[in-house]
Structures are given as C-alpha cells and as structure tokens.
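Chains as they are written, first to last, in my numbering: chain V, 98 to 629; chain U, 13 to 317.
What the hints contain is simulated information worked out from the structure, not anything from laboratory work. Every residue gets a Cβ at the ideal spot worked out from N, C-alpha and C, and that includes glycine. Among these hints, one or two may not hold up.
With a cut-off of at most 35 Å between alpha-carbon atoms, the simulated DSBU-like pairs for lysine-lysine come out as follows [unchecked claim]: (1) V:K370 x U:K182; (2) V:K331 x U:K182; (3) V:K243 x V:K220; (4) V:K331 x V:K205; (5) V:K417 x V:K468; (6) V:K417 x V:K396; (7) V:K243 x V:K227; (8) V:K168 x V:K187; (9) V:K608 x U:K182.
Heads up, incomplete: computed chain U residues facing chain V, CB under 7 Å, no partners named [what the hints assert, rightly or not]: (10) P43; (11) D48; (12) D54; (13) I57; (14) N60; (15) Y104; (16) A175; (17) T262; (18) G265.
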Amino acid sequence: MLGQMLKTALLSTAILTTGALVAGASFAQEVVYNRGNDTDPTTLDHHKTSTVAESNLMVDLYEGLVVYDVKAAVVPGTAESWEISDDGLKYTFKLREGAKWSNGDPVKASDFVFAFQRLQDPKTAAPYAKMHYSIVNAEAINKGEKQPSELGVKAVDDRTFEVTLHTATPYFLEMLAHQTGLPLHQASVEQHGDAFVQPGNMISNGAYMLEAFTPNDKITMRKNPNFWDAANVKVDVVNHIPFEDRSACLRRFEANEVLTCSDIPPEQMDYMKANLGDQLRIEPYLGTYYLPVKVKKEKLSDPRVRQAISMVIDREFLAKEIWRETMLPGYSLIPPGINNYGEPVYLEYKDMDILDREDAAKKLLEEAGVKEGQLSVELRYNTSSGHKNTMTAISDMLKNIGISSTIVEMEGTGYFDYMKQDGDFDITRAGWIGDYSDPQNFLFLFETDNLGFNYPRWSNADYDALMQKAEVTADMTERAAILRQAEELFLKEVPAIPIMYYSSKSIVSSKVSGWEDNLLNKHLTRYISIAN
Amino acid sequence: MILYVLRRLASAVPTLFLIVTISFFMIRLAPGGPFDLERPLDPVIMQNLQRAFGLDLPLWQQYLLYLGNLLQGDLGPSFTRRDFTVVDLFRYGLPVSIVIGGLALSIALVVGLVLGALAALRQNSWIDYAVVGTATFGITIPTFVIAPLLSLFFGVMMGWLPAGGWGTWKHAVLPITTLALPQIAIVARLTRGATIEALRSNHVRTARAYGLPAYVVVGAHALRGAVLPVVSYLGPTAAALLTGSVVVETIFGIPGIGRYFVQGALGRDYTLVMGTVVVIACFVIVFNLIVDILYAWLDPRVRYD
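When you get a sec, could you build the whole thing from the sequences and use the hints?
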C-alpha cells in the first residue's frame, strides 16, 4: 500500500503541474455543469441510500418506472403507460420500447423484478425497504420470514412489469418515483457484487452514467448515449460537487466555478439578497419543523397546556429573525401544497394577533389549573446554532404566559436515538422531510405503533382508526377528507407543535434554465440547459 | 545508531497497540452508532445493517477481528462511505494531503529559517521589527479566517486563482499558502530567538576569535545550534500538516484526509476514525524518530547509545 501511495503522490504532483495545460486544451465544445450538492453519498447503491443529496445523484444515473418532471409531478419514465386494477391492488406497467442500459442492453421487466426483490432481501439491509412494504410479502421477506422470490412482482414478458399490493396504496406511484423504485442492471450487479457501483462497473439506465467518483472532490457523470430521450439531454458532463461548507459553494458560484448550489450559507442572507438577485431561490419545501411534547408526563398531559404553549410561539419571529427567512412560519403538520390533499388544515389561531394569542393562552392555562410560575419545562435540542436560538426565543415567549424553562443541548448522533428510546424529555425539536408528496407521509409519524418517530408517545384511538380507514379508501377525494379529519384531531391535541415549514434554498445561475421551483426541490440534470 | 533506530521502531509496536485499543473502546463509548440517523430506522432494518457490518457480535469479538484485519493491513469498510474501504479512502486522500502539507512545510521551513536568521543577524533593525511584527500577526490569525479571505480575494474578486476545488497546480496555491503562512511565522520566530542565543554562545565566540569568516561562523556554527528548537517543533507539526487540515480541506474543497477524523467521529464511522488514528499515530511516531536522529546529528552532545 505504501509503494502504491508513493506512486499516487508522485502522480498527483505530475497531474498538478500538467493538469492546467490539459484542462485548457480539450473538452472545449462539451457542456459541463458543475453542480453543488449537500454532501457526498454514503453509497451509489440506491437501495442503500436515504438522503436528499443521494437522491440528487441517483435520479441522474437511473430512471424508474415513473419520474419527476420539471415541476416534480410524477410522469411516465421507463414505463410509457400503466393500468391500475379497480380494487387498486394490481399495477401493470408497459415498458418503453427504446429504453436501454448504458451498455446498450434493453431495460427489461426482469431488471425491475431483480431490483425490487433485492430491496427487500435482508442481506441488502436497505434503510428504506419499508417504502415498498405495501407490495405483497415485502415485509415478511425483509424480516427474513419469506424468500425474495415470493415478492408480489412479476415480469409478464420483457416489456410488461406487474406489481401486486396487499392493500390499496393510493400514493404508490408517488413512492415509485423515490430512488428505492429505481431498477438495477441484473447481469452487472450479479457479476461485480458490491463493486457494481464502481466507475467502469456501473451500468445505469438514466440520462447519465458514472465516470468517476473521488471522495470529497466530485462525482463526474457523462451523458448516456443509449438513454431513450438522449436527444433532449443538453448537458454533456455533470460534476456533482459536495459542499459541507455552504459559503465555499457561494464563493465558487461567484467565481463562476459552479453554476448551482443545493443550499446556502444563511448567515450571509443579507449579502446574497443584495447581490444575487433572483439567482437566490427560497421556495416552500415538503418539510415541517415541530416540537414533540412528551404527553405522558403529567404536567404536559393536558392538551390545553400544550395548546397554550403552541399559541404563544411567535412563528413569524422565528422564521424571519432567527432563521433569516430560510424557514417559513408553520401552522400545520402537513406543508400546504402537498399532493392528494386539497385545502390545508391549520391551527385555528393562525391569523390571530400574537397579543390576543397570549391572552387566550393564559386563559387556557387557567382552565387547566396551571398557575402562573408553576409550570417549568425543559427545552432540548441537538447541537446547531439555529436550533439553539430557536429554543432560546421560545423560552422567552413562554415567559410571557408564566412558564419558565431550561434549555438543554445534546450532540446530534445521540439525540434522535434518545427521543426514539422514549428518553425523559419535556419538549424537543424535530423535523420531517416528506419522502413522497402525500399527507400520509406526515400523519403516519404519530400513529400509536410508530415508536421510531412518535417521540411524544402520543396514542389516540380515533386518530389511528382514521389513518387505517384512509389506507383502504380508494376514492382520493374521500380519502383526503379522512386525512384532514386526522390532522384536525392532531392539531387539537398538539402532541407535537408544528412551528415552521422548511424551505428549499438554492443558488441558481441566470445561465441555467430548466430549474423550476417545486415543493419537492427535484431538479434532474436531464432538464437543465446552460446558456453560453 | 542503527541499533537505536531499530529499538525505537520496535517500541512503536506496543505504543500503536495501546493507541488502537484505547481508541477502539473509546469511540464505542460515545452514544449512538453509525446507523442512527435523524430518521430512526426500523428495528428489522437496523438488525439487517448491524449484521451486515458485524456490529451484532460481542464487542471483544469485534475488537479481535479488527486487530486481526489490522495486522493484514486491512482497516475495514467505511460505514459512512460504503463504496470505499478505509484503505481506499486513504489511497485517494493521503497523497493529496501529503502534497499540500509537504509543500507547505518545505516553504515554511525555507522562508521561516531565512527570515528568522536575517532578523537575528540584524537584531533591532527594521528587518527584525518587520519579521517579528508580521510573524506575531501571522500566528494570531487563524486559518479559518485566512482561508476564506484568500479564496475571496484571489478567487472571487481578482479571478487569478480558483476559489476552491482540486485538479491543477493552480488549485493548490491558496491551500498551501494558507497552511504555510502561520508555520512561516512560527519557524521565523523560533529561528530568530535561537540564533540570537547561539550568536552569544561560547563556541561561536571562539569561532569568531579564530577569525573565521562571518558566513562560516553563522552558517556552520550558529545556525546549526539554532535549528534545534525548530527541528523539535517540526516533528509533530510535520505529522499534523501531512495528514491534512480539516479547515483548509473543507474551505477549499480539497479531497485530502484531514476531514476524515471529524467526519468519522461525528458519523460514528468507527473504522474510519480508527484508520485515521492509526495513520496519524504512525506519522507522529515516525517524525518523532526523525527528530531524534536529526538531533543527534546536529548536536554532537546528544548520543543514543
């Protein structure tokens, strides 16, 4: 290893000195897009990914049955059409005739069968296997009780792929657009094993193919000439560059070295507003920032007490002053604008003046028998200046209604585990970013048996019943009405207090077109074009 | 001398063993694990993952496995960068860190020694004041301030050099400068102080009394003694510089190994943290040895027999 490293060291020095000449001379006519990403992926094996940064990479490399369009609506991808049975249990997808892998092989229904089975195989240990538990036998396979071959997926012929669900899942198509729904090239995965993700080994069916991956430097992808829609792909080479330091991305954007940044340095908000114009994009995002309240603690068990706490939180102040408008004030668990929902449901005091809200809150506390100065709560957060300032501000707001508080900081890695393990907290903070655009993906957090996310340990039989009813309601309007009832109930009890919605924050050069703002913040490189 | 080197190398083995053992158990004491994300995983999936990475075994068994692999040069798979083994990550990153750190070190050594010696020879002149003043200034400004400023000025405002990234020699200029500047300042100050002292010492006075030319007195007699504190400072510094700087690598987007310790520790990437510890420990041991050998060579009074 030492000898090899010495060689690499010499090589790097050589590259350093000659690189400038090479870079200057060739690739002049190619369209290169340097694209800032949040961070490097854990892996390029999409079954083992979970983050947004990873999703940005996977949707460039692979194309699922359905894909997000420029506005993040779900449209036909590798499947050109599909039929859904009347009971909503059987989906039959017709694959595109021209769909090919980057090595020229046709994309076959069996590639999807292979990928879907592998996702549930316990040996794969996919963190998001649960996404497709609605498929027949998926959960049992993932638990090791059944064989992957028993999964409810079938290649009827090379171009017909059939999925059978055990329960109607009205948002199934939305979920198929997630990276867990992407196919895999069976032959190369079987040949290379875990190494199928390496450049040179990976065979993908999306608009791009993997050329190089240097950790902490960049992931280079080249346009896939075999992609069925290659004629409409404008960018030849995309470099996904990880930026843990957001201000580094801003500097490189200003030096014209990157064209887009996936996030911004919020402390430089004023500067960016003054200098970037409409290249700075802050848009609503599919995520909610909320405060779980441990409802089984006696002092917090009365919904009136929780509601009073919720009432005095000045969300506009938090969003504007603490988060510098990188968050939006929130009055519901489900971010407005989500698919399959219709009119949003809000906390009823959304439009009330904050002073009136304080009076109403005091009255609620009085009704609950809490005297001024009697209640003291602990506000706990995971290390981050934003969370810290949020909790400090909330602590001040609570003082206005005679609730005193202490603030406790915890390091990130242990924090979520602590909440998950039913830690002894009063009030914490948490955030949820939706995996798919459907209200179920937010409401399920607080189902009684969802111990992984139901940090408050709230249990409400009516709520659980509504959620179960919605699962089996095929009519989307009716289903939306049931889910709205569930959220109303949730907002009446506030076991977790929604205070803000997340926003997507990007910097997009005016040279870039095809980057349209959307709630999911999905911007596939295949839609991007770059002006000279 | 050779016997001494061999003995020192042999004593490095138990040292490394102790370091590996202590850090192996220390990182496990930290709460949470590599798969505890903001979104907790399903227990089933968690079990699958733990099994896939051997984390379901008793700790002592994991420790023995790790030691066994380590002896074969295998630092294990990375938990947070699963497409790479820890050895892979160092193979990509270490050369980059060594190039940047090595060049910064060389520059710091040459420039620092020259400036320091000049200041000492012209003590209390304007050169002396300029060097001492700049050096004091250079030491007080931290790299996380210098780095963005350099990037902003030369990259964004002037456009002379890339604001960040890696690939050509141009990309290396600003990071090397950032790393070298504070080291130049420290080396210059150390050299100045030691040279002034050496110029007053008996053997230099004797050399002068013999009527030797000034360059021989300074070059062969005064500086030889004066570099001793610099050498002992450079031992651990060289180890630190060559294993990368988390600040410089993050700010300039350099794919070295400086970030791995922090990234590994925060992500509970046990194997990556352990790998970094092993690599840094090896560098420190080797450079301390080099310092001791240099000492014996520079100072005839030091003997290791």
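For each hint, the structure was consulted:
Taking the CA atoms of V:K370 and U:K182, the gap is near 31 Å; set against the 35 Å cutoff, the hint holds. Note on V:K331 and U:K182: the hinted pairing holds, with a Cα-Cα distance of about 29 Å set against a maximum of 35 Å. Our distance criterion of 35 Å between C-alpha atoms is met by V:K243 and V:K220, whose separation comes to about 13 Å. Restraint check for V:K331 and V:K205: the C-alpha separation of about 26 Å stays at or below 35 Å, so the hint holds.
Taking the CA atoms of V:K417 and V:K468, the gap is about 32 Å. The hint holds against a cut of 35 Å. Taking the CA atoms of V:K417 and V:K396, the gap is about 31 Å. The hint holds against a cut of 35 Å. For the given pair, V:K243 sits about 15 Å from V:K227 by alpha-carbon distance, which is consistent with the 35 Å threshold. For the given pair, V:K168 sits about 27 Å from V:K187 by alpha-carbon distance, which is consistent with the 35 Å threshold.
Proximity of V:K608 to U:K182 is assessed by CA-CA distance (about 25 Å); at most 35 Å being required, the pair is judged to hold. With a least beta-carbon distance of about 3 Å to chain V, the hint placing U:P43 at the interface is held under the 7 Å criterion. At its closest, the beta carbon of U:D48 sits 5 Å from a beta carbon of chain V; the interface hint therefore holds under the 7 Å criterion. Nearest Cβ of chain V to the Cβ of U:D54: about 6 Å, under the 7 Å cut. The hint holds.
Taking 7 Å as the C-beta contact cut-off toward chain V, the hint placing U:I57 at the interface holds, the least distance being around 6 Å. Interface hint at U:N60: satisfied, since its Cβ lies 4 Å from the closest Cβ of chain V, which is below the 7 Å cut-off. Given the 7 Å rule on beta carbons, the hint for U:Y104 holds: about 6 Å separates it from the nearest Cβ of chain V. Hint on U:A175 holds. Least Cβ distance to chain V is approximately 4 Å, under the 7 Å limit.
With a cut of 7 Å, the hint placing U:T262 at the interface with chain V holds, because the nearest CB-to-CB distance is about 5 Å. Restraint check, U:G265 versus chain V: the minimum CB separation of about 6 Å is within 7 Å; hint holds.
Of the hints listed earlier, there is not a single one the structure fails to meet.
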